[in-house]
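There are 2 protein chains.
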Amino acid sequence: MTTVLLDVDTGIDDALALFTAALSNEIELVGCTVVWGNVDVDQGARNTSEVLRLAGHADVPIAVGAAGPRNGRVAVFSPQVHGDDGLGGCADTAHEPRLAAESAVQLMLRLSHEHDGTLEIVAVGPLTNLAAALDADPTLPERIRQVTIMGGAALAAGNVSDTAEANIWHDPEAAQAVFDAPWELTMVGLDVTMTSLITDEHRARLAAGGAVGRFSSDILDFYLGYYEGYTGERASGNHDALALAVATGLVRTTLSPIVDVEVDCSDGPSRGRTVARLEGEWGTWPDREGARHRVVMEVEPGFEDRMVDLLAGA
Amino acid sequence: MTTVLLDVDTGIDDALALFTAALSNEIELVGCTVVWGNVDVDQGARNTSEVLRLAGHADVPIAVGAAGPRNGRVAVFSPQVHGDDGLGGCADTAHEPRLAAESAVQLMLRLSHEHDGTLEIVAVGPLTNLAAALDADPTLPERIRQVTIMGGAALAAGNVSDTAEANIWHDPEAAQAVFDAPWELTMVGLDVTMTSLITDEHRARLAAGGAVGRFSSDILDFYLGYYEGYTGERASGNHDALALAVATGLVRTTLSPIVDVEVDCSDGPSRGRTVARLEGEWGTWPDREGARHRVVMEVEPGFEDRMVDLLAGA
Numbered sequence: 001m002t003t004v005l006l007d008v009d010t011g012i013d014d015a016l017a018l019f020t021a022a023l024s025n026e027i028e029l030v031g032c033t034v035v036w037g038n039v040d041v042d043q044g045a046r047n048t049s050e051v052l053r054l055a056g057h058a059d060v061p062i063a064v065g066a067a068g069p070r071n072g073r074v075a076v077f078s079p080q081v082h083g084d085d086g087l088g089g090c091a092d093t094a095h096e097p098r099l100a101a102e103s104a105v106q107l108m109l110r111l112s113h114e115h116d117g118t119l120e121i122v123a124v125g126p127l128t129n130l131a132a133a134l135d136a137d138p139t140l141p142e143r144i145r146q147v148t149i150m151g152g153a154a155l156a157a158g159n160v161s162d163t164a165e166a167n168i169w170h171d172p173e174a175a176q177a178v179f180d181a182p183w184e185l186t187m188v189g190l191d192v193t194m195t196s197l198i199t200d201e202h203r204a205r206l207a208a209g210g211a212v213g214r215f216s217s218d219i220l221d222f223y224l225g226y227y228e229g230y231t232g233e234r235a236s237g238n239h240d241a242l243a244l245a246v247a248t249g250l251v252r253t254t255l256s257p258i259v260d261v262e263v264d265c266s267d268g269p270s271r272g273r274t275v276a277r278l279e280g281e282w283g284t285w286p287d288r289e290g291a292r293h294r295v296v297m298e299v300e301p302g303f304e305d306r307m308v309d310l311l312a313g314a
Numbered sequence: 001m002t003t004v005l006l007d008v009d010t011g012i013d014d015a016l017a018l019f020t021a022a023l024s025n026e027i028e029l030v031g032c033t034v035v036w037g038n039v040d041v042d043q044g045a046r047n048t049s050e051v052l053r054l055a056g057h058a059d060v061p062i063a064v065g066a067a068g069p070r071n072g073r074v075a076v077f078s079p080q081v082h083g084d085d086g087l088g089g090c091a092d093t094a095h096e097p098r099l100a101a102e103s104a105v106q107l108m109l110r111l112s113h114e115h116d117g118t119l120e121i122v123a124v125g126p127l128t129n130l131a132a133a134l135d136a137d138p139t140l141p142e143r144i145r146q147v148t149i150m151g152g153a154a155l156a157a158g159n160v161s162d163t164a165e166a167n168i169w170h171d172p173e174a175a176q177a178v179f180d181a182p183w184e185l186t187m188v189g190l191d192v193t194m195t196s197l198i199t200d201e202h203r204a205r206l207a208a209g210g211a212v213g214r215f216s217s218d219i220l221d222f223y224l225g226y227y228e229g230y231t232g233e234r235a236s237g238n239h240d241a242l243a244l245a246v247a248t249g250l251v252r253t254t255l256s257p258i259v260d261v262e263v264d265c266s267d268g269p270s271r272g273r274t275v276a277r278l279e280g281e282w283g284t285w286p287d288r289e290g291a292r293h294r295v296v297m298e299v300e301p302g303f304e305d306r307m308v309d310l311l312a313g314a
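Residue numbers (our numbering), protein chains in the order written: chain A, 1 to 314; chain B, 1 to 314.
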């Protein structure tokens with residue numbers, strides 16, 4: 001059993017991660033912090049609340065965080081990927097979100113004390129909230145078991161620019177602060193999330209399931225349509241849920257060297273790239289002495305099937 | 001038969017490309033221009049002259065070019081990879097180089113007129129000479145059949161930094177000028193050169209051959225030693241000769257989409273990266289409309305065996 005705080009920008013693949021966290025017996029979801037990203041932070045908070053209610057976990061505290069990037073530039077969202085409402089047009093406009101009175105930073109710090117040494121932070125949006133929490137309390141890393149992010153691309157192409165993955169590209173300066181902090185950090189990037197696929201057959205199995213399964217199928221219908229235009233196939237990367245699965249042992253990594261990662265914070269064409277020390281590219285990469293960033297390059301296949309079973313059953 | 005001008009910074013793998021160009025019946029080598037890079041430009045010119053004499057082609061004109069990068073910064077060489085003399089300690093110090101009176105730019109422009117429409121430029125060092133030739137005569141591309149470069153890394157890790165391949169990293173601004181010029185350009189980068197391997201068994205076959213074979217074995221002994229420290233295996237990428245082989249049809253490409261490439265000229269951690277439009281990373285990449293840069297991602301295996309046969313026989 002892993003104690004998890006999920007930092008989300010709920011979008012479609014975030015919703016699947018939230019369902020997984022809420023439904024898995026291996027995970028105790030103790031809180032959600034919401035960040036801007038796929039959608040604006042208020043819509044993201046509404047969606048998080050709706051999804052957790054659907055999963056029967058309306059009791060999990062949800063706190064609203066940053067509305068835009070650390071450097072103060074204008075926030076850019078991704079309606080083409082997730083729909084205007086972040087849930088492929090399926091968000092319940094009548095839903096009354098139940099949100100915590102405290103801020104995302106306050107909730108994160110409070111939970112870090114309540115679960116001192118055991119709290120796993122899984123961050124699947126831009127890293128603005130985590131960077132703000134580090135600003136507010138630089139001792140935070142001492143109390144965190146590990147941070148796992150969905151973000152970046154070590155050798156894979158980007159998905160928002162030729163080089164950059166969306167979560168990092170949205171806020172490179174925040175990402176750099178999070179990579180710099182003295183905690184153990186695991187990066188689950190496009191190198192693995194774009195080879196861990198949710199197919200239309202998965203979606204059909206979800207559609208034949210319970211309320212959570214049917215909702216998952218509905219939102220995936222939009223998501224797979226976006227991916228079809230992007231890659232030519234009706235299959236999507238399983239971004240956010242895969243990061244959660246890696247963090248909590250729901251999937252085993254088979255190649256994940258510990259190397260240094262630097263975020264490209266330049267204004268050049270590689271802005272937002274996660275520059276990982278993976279030189280010498282034959283076969284496996286050794287852990288680098290003194291490095292602190294575990295970069296997941298390969299996972300055992302099969303998690304998507306188990307996830308679909310879990311969600312279809314609820 | 002392809003008419004070739006080779007732009008070299010003769011080093012060990014350049015020597016193998018020069019031998020291949022001199023000995024192949026499919027190639028008419030009409031000139032060599034020398035650029036700084038693996039070694040300083042004067043040593044590179046000496047080495048080029050020595051190698052061509054060994055191959056029985058002392059008649060090919062050799063012209064000296066740029067001694068350092070386009071932006072005026074200090075030139076950095078690679079003695080750890082190629083030896084202090086660029087030939088793994090095997091350069092003949094008594095060799096009297098025979099060099100053209102004209103400059104690299106002058107030779108390149110003259111040959112472009114003499115072989116108007118048929119000249120293939122194969123550039124396997126930093127692109128400083130080519131950028132200078134474009135400055136001197138912007139109409140040069142009209143007379144060139146194609147430019148093929150050994151350089152860059154589209155999805156592979158770099159070899160001189162985490163992101164950048166050495167030839168591009170040495171002079172990103174020159175590379176950008178060459179990518180921008182209106183000629184057909186094929187990029188043969190680490191994506192394929194680091195999977196087209198010269199092994200110790202290849203070296204042993206060269207050692208059992210004639211004078212060119214034995215010399216190739218001697219210099220490769222140093223090169224494979226460097227690679228052993230770098231990757232753990234006594235095998236090297238076949239960088240420069242592979243670019244020549246792609247340019248002249250000695251090897252067939254099996255995946256080489258035409259996409260746009262931008263050179264990272266920032267001072268960030270990705271300086272020198274070749275940012276290729278390879279988003280949407282499932283399976284093959286389609287040619288992009290209006291793009292002009294052919295990025296070789298896969299070649300038919302077997303060229304190294306044929307190259308070793310050619311060199312061992314001479």
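Quick caveat, the hints were computed from the structure, so don't treat them as lab data. Among the hints, a few may not be true.
[As the list claims (entries may be wrong)] DEER-style ranges, computed between Cβ atoms: (1) B:Glu289 with A:Arg73: 22 to 32 Å; (2) B:Leu155 with A:Asp180: 42 to 52 Å; (3) A:Pro182 with B:Asp180: 22 to 32 Å; (4) B:Thr118 with A:Glu233: 56 to 66 Å; (5) B:Thr199 with A:Glu173: 54 to 64 Å; (6) B:Arg292 with A:Ala101: 38 to 48 Å; (7) B:Arg73 with A:Thr139: 50 to 60 Å; (8) A:Tyr230 with B:Asp305: 53 to 63 Å; (9) A:Asp180 with B:Val76: 20 to 30 Å; (10) B:Leu155 with A:Pro301: 40 to 50 Å; (11) A:Val76 with B:Asn71: 48 to 58 Å; (12) A:Gln106 with B:Gln80: 35 to 45 Å; (13) A:Glu233 with B:Arg306: 50 to 60 Å.
[Said to hold, decoys possible] Reference listing, derived: stretches of chain A covered by chain B, where coverage requires no fewer than 3 residues with Cβ under 8 Å from a Cβ of chain B: (14) 146-159; (15) 261-268.
[As the list claims (entries may be wrong)] Beyond 12 Å from chain A on every Cβ pair, some chain B residues (computed): (16) Asp200; (17) Thr231; (18) Glu262; (19) Asp264.
Beta carbons are placed, not taken as given, at the ideal position from N, Cα and C, and that holds for glycine.
Now the hints, each set against the structure:
no., hint, in the structure
1, B:Glu289 with A:Arg73: 22 to 32 Å, "31 Å, holds"
2, B:Leu155 with A:Asp180: 42 to 52 Å, "26 Å, violated"
3, A:Pro182 with B:Asp180: 22 to 32 Å, "43 Å, violated"
4, B:Thr118 with A:Glu233: 56 to 66 Å, "42 Å, violated"
5, B:Thr199 with A:Glu173: 54 to 64 Å, "45 Å, violated"
6, B:Arg292 with A:Ala101: 38 to 48 Å, "57 Å, violated"
7, B:Arg73 with A:Thr139: 50 to 60 Å, "43 Å, violated"
8, A:Tyr230 with B:Asp305: 53 to 63 Å, "39 Å, violated"
9, A:Asp180 with B:Val76: 20 to 30 Å, "28 Å, holds"
10, B:Leu155 with A:Pro301: 40 to 50 Å, "21 Å, violated"
11, A:Val76 with B:Asn71: 48 to 58 Å, "33 Å, violated"
12, A:Gln106 with B:Gln80: 35 to 45 Å, "53 Å, violated"
13, A:Glu233 with B:Arg306: 50 to 60 Å, "37 Å, violated"
14, 146-159, "holds (count 5)"
15, 261-268, "holds (count 6)"
16, Asp200, "14 Å, holds"
17, Thr231, "5 Å, violated"
18, Glu262, "5 Å, violated"
19, Asp264, "5 Å, violated"
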